[in-house]
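Chemist: Sequence:
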Amino acid sequence: MHIVATDREKAERVRASIPEKIGLEALTLVEDVFLSCMSDRELALLRFLRLGYRAGPVVLSMHGHPRVAPVLGAQRALLGEAHLYKGFTRFADYGGTLVGIIQPKNCVLPHLARHFALRYPNEDFLLYDKTYHLALSHRGHVLDLQPVDSLQLAPIDEREARYQALWKQFYRTIAIEGRENPRCRMTHLPKRYWAEMVEMRELF
Numbered sequence: 001m002h003i004v005a006t007d008r009e010k011a012e013r014v015r016a017s018i019p020e021k022i023g024l025e026a027l028t029l030v031e032d033v034f035l036s037c038m039s040d041r042e043l044a045l046l047r048f049l050r051l052g053y054r055a056g057p058v059v060l061s062m063h064g065h066p067r068v069a070p071v072l073g074a075q076r077a078l079l080g081e082a083h084l085y086k087g088f089t090r091f092a093d094y095g096g097t098l099v100g101i102i103q104p105k106n107c108v109l110p111h112l113a114r115h116f117a118l119r120y121p122n123e124d125f126l127l128y129d130k131t132y133h134l135a136l137s138h139r140g141h142v143l144d145l146q147p148v149d150s151l152q153l154a155p156i157d158e159r160e161a162r163y164q165a166l167w168k169q170f171y172r173t174i175a176i177e178g179r180e181n182p183r184c185r186m187t188h189l190p191k192r193y194w195a196e197m198v199e200m201r202e203l204f
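Going by the working numbering, 141 is the number at position 141 of the sequence shown; the sequence numbering is gapless.
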């Protein structure tokens, strides 16, 4: 393996050239795929960009091309997972700060930042990504994304424990026993998300 050090000046020139020569949609695609869990994504992006510089914006409509299809698939996977976490993320109150923990396949925090800032505009919150060791914080209407090696939390207090118990009871109460379908539930709510969901932990 040969490691190439980043030349920021050259990197910025390439970044600036993408919307000019291929289009803004291509730049968004490149940024998304770089956040994805696609193996060898750097080489895949290099191949895509070389084709894009030759073909221009039309490259984005070449869905079946072997240099285009994989990066489009990686973007779909990233955006799909980010969409699921908008609904599956659970927060707990730790001394006035809402804290959530996720363990995604893709680096989805940049795609969750605006969603949760708009959803909880007046709340301080911290969302920790255990996979990529990143923390998204929102304090005083300011968003910040920083690398964090690990997150150690104190036990939840009695008030938060009561709220979690109420949420679990609500989840159990609205269930219809005669229509329980575990296979269908796992289709719509994959099991890998359960560990961070209060109402599902007992089943994990």
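Think of the hints as simulated: they come from the structure by calculation, not from any bench. Just so we're clear, the structure is a prediction, and the values are computed from it rather than from any experiment. For every residue, glycine included, the Cβ atom is placed at its ideal position computed from N, Cα and C. Be aware that a few hints might be false.
Said to hold, decoys possible - Keeping only pairs whose Cα atoms sit at most 25 angstroms apart, straight-line, the calculated DSS-like set for lysine-lysine is:
#: 1; residue 1: K86; residue 2: K191
#: 2; residue 1: K21; residue 2: K10
#: 3; residue 1: K191; residue 2: K168
#: 4; residue 1: K105; residue 2: K10
#: 5; residue 1: K10; residue 2: K86
#: 6; residue 1: K105; residue 2: K86
#: 7; residue 1: K86; residue 2: K130
#: 8; residue 1: K130; residue 2: K105
#: 9; residue 1: K21; residue 2: K86
As the list claims (entries may be wrong) - Taking CB as the label site, the calculated pair distances span:
#: 10; residue 1: V198; residue 2: L143; range: 23 to 29 angstroms
#: 11; residue 1: E25; residue 2: Q103; range: 46 to 52 angstroms
#: 12; residue 1: R76; residue 2: R50; range: 19 to 25 angstroms
Chemist: None of the hints should be skipped; say for each whether it holds.
Modeler: Evaluated hints:
For the suggested pair K86 and K191, the alpha carbons sit about 16 angstroms apart, so the restraint of at most 25 angstroms is met. For the suggested pair K21 and K10, the alpha carbons sit about 16 angstroms apart, so the restraint of at most 25 angstroms is met. Using a Cα cut-off of 25 angstroms, the hinted pair K191 and K168 holds, with the two alpha carbons roughly 17 angstroms apart. At most 25 angstroms may separate the alpha-carbon atoms for a hinted pair to count; K105 and K10 exceed this at roughly 30 angstroms.
Taking the CA atoms of K10 and K86, the gap is about 35 angstroms. The hint is violated against a cut of 25 angstroms. A hinted pair counts as satisfied when its Cα atoms are at most 25 angstroms apart, and K105 with K86 qualifies at roughly 15 angstroms. For a cut-off of 25 angstroms, the pair hint linking K86 to K130 stands: about 17 angstroms separates their Cα positions. Between the alpha carbons of K130 and K105 the distance comes to roughly 10 angstroms, so the proposed pair stays at or under 25 angstroms and holds.
Distance restraint check for K21 and K86: the Cα-Cα separation of roughly 33 angstroms exceeds the 25 angstroms cut-off, and the hinted pair is therefore not satisfied. Restraint check, V198 to L143: a C-beta distance of roughly 25 angstroms satisfies the suggested window 23 to 29 angstroms. Distance hint check: the CB atoms of E25 and Q103 are about 30 angstroms apart, inconsistent with the given range 46 to 52 angstroms. At roughly 22 angstroms, the beta carbons of R76 and R50 sit within the given window of 19 to 25 angstroms.
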